[in-house]
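Residue numbers (the working numbering), protein chains in the order written: chain V, 1 to 384; chain W, 1 to 278.
Please note: incorrect hints may appear among the correct ones.
[Said to hold, decoys possible] Below, in silico cross-link-like pairs of lysine to aspartate or glutamate (DMTMM-like), each with a Cα-Cα straight-line distance of 25 Å or less:
hint : chain 1 : residue 1 : chain 2 : residue 2
1    : W       : Lys14     : V       : Asp62
2    : W       : Lys45     : V       : Glu214
3    : V       : Lys211    : W       : Glu242
4    : V       : Lys211    : W       : Asp42
5    : V       : Lys185    : V       : Asp301
6    : V       : Lys305    : V       : Asp240
7    : V       : Lys201    : W       : Asp37
8    : W       : Lys265    : V       : Glu44
9    : V       : Lys201    : W       : Glu242
10   : V       : Lys211    : V       : Glu283
11   : V       : Lys335    : V       : Glu306
12   : V       : Lys256    : W       : Glu87
13   : V       : Lys252    : V       : Asp219
14   : V       : Lys52     : W       : Asp44
15   : V       : Lys305    : V       : Glu283
16   : V       : Lys201    : W       : Glu268
17   : W       : Lys14     : V       : Glu191
18   : W       : Lys45     : V       : Asp228
19   : V       : Lys252    : W       : Asp12
20   : V       : Lys200    : W       : Asp44
21   : W       : Lys14     : V       : Glu241
22   : V       : Lys200    : W       : Asp13
23   : V       : Lys185    : V       : Asp367
24   : W       : Lys262    : V       : Glu48
25   : W       : Lys192    : W       : Asp44
26   : W       : Lys262    : V       : Glu283
27   : W       : Lys45     : V       : Asp203
28   : W       : Lys145    : W       : Asp44
29   : V       : Lys269    : V       : Asp219
30   : V       : Lys211    : W       : Glu268
31   : V       : Lys384    : V       : Asp354
32   : V       : Lys305    : V       : Glu324
33   : V       : Lys309    : V       : Asp281
34   : V       : Lys359    : V       : Glu382
35   : V       : Lys200    : V       : Asp240
36   : V       : Lys351    : V       : Asp240
37   : W       : Lys14     : V       : Asp240
38   : W       : Lys14     : V       : Glu272
39   : V       : Lys263    : V       : Asp240
It is worth saying that the hints were derived from the structure and are not from the lab.
Everything numeric in this text was worked out from a predicted model, so none of it was measured.
Now for the letters of each chain:
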Amino acid sequence: MAETIYKPEYQVLTGNEAVTLGALAAGMNFFAGYPITPATEIAELASELLPKNGGKYMQMEDELASMAAVIGASFAGSKAMTATSGPGCSLMQENLSYGMLAEVPCVLIDVMRQGPCQGVATMPAQGDIMQSRWGTHGDHPIIVTAPSSVGELYMETVRAFNMAEKYRTPVMVLSDAAMAHMSEKIRIPAEDELHIINRKKPDVTKDRNYKPYEADATDIPPMATFGDGYRWFVSGIIHDETGFPATADHAKIAAKLTRIERKIDSNIKEIELYEEYRTSDAEIIIVSIGITARVAKGAIDRARKEGVKVGLFRPVTLWPFPEEALQKLAASAKKIITAEMNDGQLSRIVKELDGTDGKIEKVTRNDGALMTAEMIYERIREVK
Amino acid sequence: MEQHVFDRLMRDDKLPHMWCRGCGNGIVLQSIIRAIDRTGIDQDKVVIVSGVGCSSRANNYTDFCGLHTTHGRPIAYATGIKMANPELQVIVVTGDGDSTSIGGNHFIHAARRNIDLTVVVFNNSNYGMTGGQYSPTTPVGAVTKTSVYGNIEPAFDVCRLAEGSGATYVARSTTYHVQSLIRYIANGIRNKGLSVIDAMCDCPTLFGRINGLGGGAKMIAAWPEKTVSIEEAEALTEDELEEKVIIGEFVNSSRRSEYTEKYAKIIEEAQRERTDLK
Numbered sequence: 001m002a003e004t005i006y007k008p009e010y011q012v013l014t015g016n017e018a019v020t021l022g023a024l025a026a027g028m029n030f031f032a033g034y035p036i037t038p039a040t041e042i043a044e045l046a047s048e049l050l051p052k053n054g055g056k057y058m059q060m061e062d063e064l065a066s067m068a069a070v071i072g073a074s075f076a077g078s079k080a081m082t083a084t085s086g087p088g089c090s091l092m093q094e095n096l097s098y099g100m101l102a103e104v105p106c107v108l109i110d111v112m113r114q115g116p117c118q119g120v121a122t123m124p125a126q127g128d129i130m131q132s133r134w135g136t137h138g139d140h141p142i143i144v145t146a147p148s149s150v151g152e153l154y155m156e157t158v159r160a161f162n163m164a165e166k167y168r169t170p171v172m173v174l175s176d177a178a179m180a181h182m183s184e185k186i187r188i189p190a191e192d193e194l195h196i197i198n199r200k201k202p203d204v205t206k207d208r209n210y211k212p213y214e215a216d217a218t219d220i221p222p223m224a225t226f227g228d229g230y231r232w233f234v235s236g237i238i239h240d241e242t243g244f245p246a247t248a249d250h251a252k253i254a255a256k257l258t259r260i261e262r263k264i265d266s267n268i269k270e271i272e273l274y275e276e277y278r279t280s281d282a283e284i285i286i287v288s289i290g291i292t293a294r295v296a297k298g299a300i301d302r303a304r305k306e307g308v309k310v311g312l313f314r315p316v317t318l319w320p321f322p323e324e325a326l327q328k329l330a331a332s333a334k335k336i337i338t339a340e341m342n343d344g345q346l347s348r349i350v351k352e353l354d355g356t357d358g359k360i361e362k363v364t365r366n367d368g369a370l371m372t373a374e375m376i377y378e379r380i381r382e383v384k
Numbered sequence: 001m002e003q004h005v006f007d008r009l010m011r012d013d014k015l016p017h018m019w020c021r022g023c024g025n026g027i028v029l030q031s032i033i034r035a036i037d038r039t040g041i042d043q044d045k046v047v048i049v050s051g052v053g054c055s056s057r058a059n060n061y062t063d064f065c066g067l068h069t070t071h072g073r074p075i076a077y078a079t080g081i082k083m084a085n086p087e088l089q090v091i092v093v094t095g096d097g098d099s100t101s102i103g104g105n106h107f108i109h110a111a112r113r114n115i116d117l118t119v120v121v122f123n124n125s126n127y128g129m130t131g132g133q134y135s136p137t138t139p140v141g142a143v144t145k146t147s148v149y150g151n152i153e154p155a156f157d158v159c160r161l162a163e164g165s166g167a168t169y170v171a172r173s174t175t176y177h178v179q180s181l182i183r184y185i186a187n188g189i190r191n192k193g194l195s196v197i198d199a200m201c202d203c204p205t206l207f208g209r210i211n212g213l214g215g216g217a218k219m220i221a222a223w224p225e226k227t228v229s230i231e232e233a234e235a236l237t238e239d240e241l242e243e244k245v246i247i248g249e250f251v252n253s254s255r256r257s258e259y260t261e262k263y264a265k266i267i268e269e270a271q272r273e274r275t276d277l278k
């Protein structure tokens, strides 16, 4: 079992192992979860490695409790994470929305499997693109990142913790059943390469003056820790800067909700990450995430050999979606092909963007098998 | 002059409270405040966690760290807080619906783990916040907004549920028996493990009126007649007990070790075995 966390070296890891090791490197010291295929190995490794590093692992009674315990631990100062798959992620939405409103740094890993319902537990899919954004009731921002390799799972898990701490918000990472269990050689970065971020703490005298939701120009309020001397209160009811319910004042309700949207929106350039592959002269743009995007590169290389000007746009941060970059490519593209393992969720996002009207074609697969390069290649041939 | 316990431990700027006239929640809240005062625990190390419902507003008025969470989940949030920092004294204020219906799973599993939380159930036999529907502790036959023909569901006995699940301190008192209520909550705070105090309280507006039980004062005054002690109960037949509420300390056991202490030993052991992490 891989025990090395900081030593810069190459290791062969599965996606699930990379997530746990990345989380530990980012400073995770609390994990609460509930067993679910195909995410379970993240919990298993966390249960072994956390106590070795002085951290804590808890197996909760269900996913509702897992997300709740993660948020509770974060209020008590922990860097906390949970990991699940689609069905568990559905159960976590309730307390995830608490984390959004109460602005709680924490990380949720969703190892996507074929759905809906029990679907096919052991087979990969990309069906949680919309759940990750709109699974809760009400409106709120969220950061969701969708890595496409074992190495990127490691780095994006680190970045998820950093963004959670920096922006005081839950962050989701989407993996899938294929990446979870496939092994790849990855480079484990040295500790000083990771630039670990810790949440901003309040800097006021220890009296009642600390207001847990009073933000400066950054829109990100400093966060105290339960037990460190401030006596502060947090409610899942819409609250004002004091943390107490403010339901009688429409202006305060609006102020709270617009600030939490703004604190993410105004930092999009720092949050968003995307990859472009052979796009400089591309007339056809493939838009794809995660493991499907890797397959797409094979299809693109093959089509390129035949002179087809095709390239790939791969959002790494799925939410907020890197709209501007794709719109720039869309403006000069003749066709856009969305390639994904669901019935067309990514396609709906792209459809909303400027410059994509009438250009969108789809290639989808939702039968539990991986998308093949052949499928994408055939689609390129059909639309060119 | 010494500050009054309410001035010291409550947020006077949040009063008056939002509960109805005659509501028993205030008596339970003041019992919690007095119990905390009696145990002498550090005000800065107390976290009061609540769910959703009338009783879950109680920590709005207390001057400790407070977390007002989602419906049914306060015990799960409290578990994360306690596990992350076992030095904190974590108290859960919850209702009968919050803790035994939507949050029933968290209730029994926290008791099974015997994690050091003090759970005070404000048990008013109905869902007050939503207008008075029957809950898992509504007596059979009682009329509520959703049992207009009389409730046919047998009630949970919160104490037996806690005891059966493994809680190491379990007691029940009422808004009439305030001195024992304070003592039980204090004992629960002192107990190193999962403590449940079933605080029987009154909802005159929604439960009392519709069942002809009178206003708040009359409902409180009825408790001596309605209750029997654990010792008295032993001499009664099941039929005689049917209409009675048993009060007293059901469990007070230090024979089971506490969860975070056991986990601390896991950490110690894992670190002893740990190979070089470089």
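Output the indices of the hints that this structure fails to meet, ascending.
1, 3, 6, 7, 9, 10, 12, 14, 16, 17, 22, 23, 26, 28, 30, 32, 36, 38
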